[in-house]
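4 protein chains.
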Amino acid sequence: MRLALLGAGRIGQIHAANIHHHPRAQLHAVVDVNAEAAKSLAERYGAKAATDARAVLEDPAVNGVFICTSTDTHVGLILEAARRKLPIFCEKPIDLDLAKVDACLDEVRRAGVPLVLGFNRRFDPHFRALRDAVRRGEAGDVEIVKITSRDPAPPPLAYIRGSGGLFRDMMIHDLDMARFLLGEEPVELFATGACLVDPAIGEAGDIDTAMVILKTRRGALCHIDNSRRAAYGYDQRIEVFGSKGMLQAANPLPTTVTRYTREAVRSDTPYPFFLDRYPEAYRAELEHFLDVATGRAEPLVTGSDGRAALVLADAALQSLKLGRPVPISR
Amino acid sequence: MRLALLGAGRIGQIHAANIHHHPRAQLHAVVDVNAEAAKSLAERYGAKAATDARAVLEDPAVNGVFICTSTDTHVGLILEAARRKLPIFCEKPIDLDLAKVDACLDEVRRAGVPLVLGFNRRFDPHFRALRDAVRRGEAGDVEIVKITSRDPAPPPLAYIRGSGGLFRDMMIHDLDMARFLLGEEPVELFATGACLVDPAIGEAGDIDTAMVILKTRRGALCHIDNSRRAAYGYDQRIEVFGSKGMLQAANPLPTTVTRYTREAVRSDTPYPFFLDRYPEAYRAELEHFLDVATGRAEPLVTGSDGRAALVLADAALQSLKLGRPVPISR
Amino acid sequence: MRLALLGAGRIGQIHAANIHHHPRAQLHAVVDVNAEAAKSLAERYGAKAATDARAVLEDPAVNGVFICTSTDTHVGLILEAARRKLPIFCEKPIDLDLAKVDACLDEVRRAGVPLVLGFNRRFDPHFRALRDAVRRGEAGDVEIVKITSRDPAPPPLAYIRGSGGLFRDMMIHDLDMARFLLGEEPVELFATGACLVDPAIGEAGDIDTAMVILKTRRGALCHIDNSRRAAYGYDQRIEVFGSKGMLQAANPLPTTVTRYTREAVRSDTPYPFFLDRYPEAYRAELEHFLDVATGRAEPLVTGSDGRAALVLADAALQSLKLGRPVPISR
Amino acid sequence: MRLALLGAGRIGQIHAANIHHHPRAQLHAVVDVNAEAAKSLAERYGAKAATDARAVLEDPAVNGVFICTSTDTHVGLILEAARRKLPIFCEKPIDLDLAKVDACLDEVRRAGVPLVLGFNRRFDPHFRALRDAVRRGEAGDVEIVKITSRDPAPPPLAYIRGSGGLFRDMMIHDLDMARFLLGEEPVELFATGACLVDPAIGEAGDIDTAMVILKTRRGALCHIDNSRRAAYGYDQRIEVFGSKGMLQAANPLPTTVTRYTREAVRSDTPYPFFLDRYPEAYRAELEHFLDVATGRAEPLVTGSDGRAALVLADAALQSLKLGRPVPISR
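Residue numbers (our numbering), protein chains in the order written: chain A, 1 to 330; chain Z, 1001 to 1330; chain P, 2001 to 2330; chain H, 3001 to 3330.
Hints are computed from structural coordinates only; laboratory data are not their basis. In this text, all values refer to a predicted model and were calculated from it rather than measured experimentally. Beta carbons are placed, not taken as given, at the ideal position from N, Cα and C, and that holds for glycine. Any given hint could be a false lead.
[Claimed, not checked] Label pairs and their computed distance ranges (CB to CB):
#	chain 1	residue 1	chain 2	residue 2	range
1	A	83	H	3052	50 to 56 Å
2	H	3156	A	73	53 to 59 Å
3	H	3155	Z	1273	35 to 41 Å
4	Z	1327	A	10	41 to 47 Å
[Stated by the list, open to error] Not everything, but these chain Z residues come out facing chain A in the computed CB check (under 10 Å):
#	residue
5	1194
6	1196
7	1323
[As the list claims (entries may be wrong)] Pairs of lysine-lysine residues, derived as DSSO-like cross-links and limited to a Cα-Cα distance of at most 30 Å, are as follows:
#	chain 1	residue 1	chain 2	residue 2
8	Z	1092	Z	1039
9	A	244	P	2244
10	H	3244	Z	1244
All chains should be built: construct the whole structure from the sequences, respecting the hints.
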């Protein structure tokens, strides 16, 4: 498949490398509003560089698109690609506005093109193995899910201001993971939070520390905790508890080396950065997209999944404001 | 010290053995309404047996009392002992009724006798080391506390009916631990729960699966999850996250043996029973009581601590009923 | 059982406390050439104090003896006790001279009294569980055994000079463990070593770092490594590898607390001292002795086991001197 | 760099993929005596296919060579490449005959071409981190090294017959690792072994279970154990013990998922196959070769390292035959 990559930023560079190295894929073009960025990345892999996405999508050589641009451009580019019947991979979220998301997904559905959303954690081998074990019933009926998700350090304030807030920017991954693991939809959500890491985040109207509890119709409970700062690195763990036992996915560590000295027994800290933590997930994501685009697989993360996670994130924001649990409307 | 043990049940037997083996303590008398039980336990350690607590407390040889009887008798026995100026150890809770607890603690204060309450987990070496590390600032400012507490199997229904419910019977230990670790008082509590383990528990008006979120004035968050059943054994873990890092206390395991076979790498399951899990805690509790009774230490768990945990448990029950967070009144 | 304890030193004090606390045992008398030491320990537990072992063993009230004196007195005291038909517990080794050991064991056999030797590690719950798993065939046919044994710090030079050397003083525990686990007798042994920890040990004619390989008739191999100094604490681990898999017993740690900071993930170091490492083993040893003395069990560690370990230690010394493997003569 | 790959077998395929994906390398040609194998691999990556290595090495476009053919062809191909002044990567061993190795390395030296030998484990991130920590002195002076190396299952008998035996085929990796970690050359070696896994291996004149002890001049000791079969997967662990503590590198596991059930706490078994275990090592090996070939780095594994490991393997074979330690001649 000859793919057009839209967006030459941090995440776009990851996808570019993976596409280049994949035996079934070819990086045809790189598009970025920053011509230098597009050129630099395109040259590295022998692809074309462009600043105009529309022109590239019209190129008949292109038969798939990776959307890795800023969130506010996602809907426009998805629609553009859908019109050209191109299979679409889009980084999350589709949009921060639910109405726009709905309108966009309607168009995609009408166009009949496959859309895979970039909830990368679903493709992580550790979380994937956990979920497969849950599906096989190794924990029995799921009763408690606990998701920990903490970033090494807060993003720049400018990013936070445009991010839609912690729930829609950061916890949305965990909310998606909750749905992935619970096996049924949450019907109620309670959110609370505080600004403990950096007062400037609070001044920007956001929180940096949060807890959410989701409840399903059957009564299964899911807890999520988030912090924008973890001194020891990127911390993402999941625990699923049920009638037959418990499954846990821990943080993978860079090396298996343990050091025993007079003072302590020490092992590595978790990875300091999400790109170090999730390389296999990004490769598996591409593999999956190629399978979907060629009709060999159904999307593991659909536009509906993206929408549902956004509904939960919006509910969290509402719950935080109201100071009480809110029902999940669909 | 010559101690009178009131209550020859499961927990009374633990204390009897520890008192007998302690170089600074002597088991003077065992009291139980069941004369056979009192006699059997007393004989094992060369102590007197009795069915009337009042008579034993009047014995001038007695200079300390362990109250391990059923909850409804605690207040009466505490008052009896306080009148005789005896240092008191009492298993939690003082009472399920807050007004009675207050009246009782007033009397104890007036009598000027020390009272140590049996929140055994505070004395567990693992949790104690965790808390000491928190106090030393190893996690920095505490921002997130997570407490997991799951029993291997539900108690008999008869017990559940008289227990005051999951929050006051089981989670009360975790609520005390939350206060022990947070370093400041919670000001708000949200509770949710379900009956997932055994419908009979629901028919008895109780839940068997629960989650609670506590919030302090500063914004620190604490999450507790409980289940009345864990297939893999007694599961009690704590995680404290703060500005400088994270501290975790895991389940101790019976042996360090690991088995590698074609199928899996297997280690022991956690202890199946709280008496196997907490032997050091009960010994440390006795040691501490003797120090308190002889004026060498201030109580690590006071009557006020018992009251405060009950206030939180009552708040949890109220939150569950109202379906929304409740403020903590003191 | 009313027991006489011979030797009020470090290990004698451990046994005294355990005997005192055991429901089926009573500490009748404590004997030590140092009258003060005997008196001090005896008083702690309400026992008689004496300096003359013979007189105490003649006391008809005594019906069992614990020998915890210095090695050179073991044979004499064993024979004394055997003559009086007393069940005997003796700390290892019986003697450093094989001929004396043989003569002594002959007498014990003739007297028909049970003798339990103090290889405490056989009673450690972790190693015991490992060995039980080996016996149940969980590793399949045993092919490789690896035993690590390192002390936190070397003993005083005076002790080393009278110890019989590293093989007979320290590795003898591991040689016994090798026999315990291999399930068949070694037929060949190769030893090598060096003085790396403290040159003074070398000047005293001993080594402080050693490796031994044992081979059984069937070809199973066992490796032991020893060091007189381990910066991180008392290090004793065992690995058994066989046709069906591998079993490992790791070092138990004081607490389960893990600390995550910017620098590292840290857990506790192993215990710094063997008395902290093996409390359960000493208790189980006493329990077992009481069972043996009352005819309920056969000795788990016989005089023959003590002899066989000494034969291996002597072979190691010989191999080290000759610089080649030596056959094990029995 | 445009590389010629000689040998399209299992290991050649690994290198082909890595070369193809590396931004600084290009797979120019694939050579194999089996024309089909060469063609199939070459086509996958757009390279030329050939059966005649000499012709390919004469191609002026080629500026580096990967030798992944059978051992008996290594010397001839190394000499051919050296004559053409091509930087050489060669899979271990250079040859099983020491005299041939010496003659070959003389030629390479005279030709002045860099030669990197494929001891892949030196490039493994876990072992590399271990060695870096040793070099930084984190264990202090190295006193004990323990290397465990067990294969999931024996290779075919035909392979074993031509392999030069366990020491030269399998343990040679561990002997190289010993040198890599000890920081000084062994002066004595003792080897023992047995045929426990499959009698047919014994009939072929080989062993399948082995232990070796190396000793350096200073007295540092290194133990290696090998088995041709491990039920639980590819098992390669290293422990370095010294004056300041201990460093361990454990087996990395496919996922971090742990399963808690009534029966056990289970984690993944190690990788079942060396290609799954060492993908990063092979990539790092290529990276290093490119650095060496372009003059940016000195070889981390030289021809001399290959020779030294072979000397140790030959010494092990001799020790096994003689039944005693042998000195290491250089």
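Hint check results:
1. The given range of 50 to 56 Å is respected by residue 83(A) and residue 3052(H), whose C-beta atoms sit roughly 54 Å from each other.
2. One distance hint, 53 to 59 Å for the beta-carbon pair residue 3156(H) and residue 73(A), holds here, with the actual separation near 58 Å.
3. About 49 Å separates the C-beta atoms of residue 3155(H) and residue 1273(Z), a value inconsistent with the hinted range of 35 to 41 Å.
4. A C-beta distance of roughly 44 Å is found between residue 1327(Z) and residue 10(A), which places it inside the suggested range of 41 to 47 Å.
5. Satisfaction of the interface hint for residue 1194(Z) is found here, the shortest Cβ-Cβ separation to chain A being roughly 3 Å, below the 10 Å cut-off.
6. Hint status for residue 1196(Z): holds, given a least beta-carbon distance of 5 Å to chain A, under 10 Å.
7. The criterion of a C-beta within 10 Å of any C-beta in chain A is met by residue 1323(Z), whose closest approach is roughly 6 Å, and the hint holds.
8. Taking the CA atoms of residue 1092(Z) and residue 1039(Z), the gap is about 25 Å. The hint holds against a cut of 30 Å.
9. Restraint check: the Cα-Cα separation between residue 244(A) and residue 2244(P) comes to about 27 Å, which is no more than 30 Å; the hinted pair holds.
10. Restraint check: the Cα-Cα separation between residue 3244(H) and residue 1244(Z) comes to about 27 Å, which is no more than 30 Å; the hinted pair holds.
Checked against the numbered hints given earlier, the structure breaks only hint 3 and satisfies all the rest.
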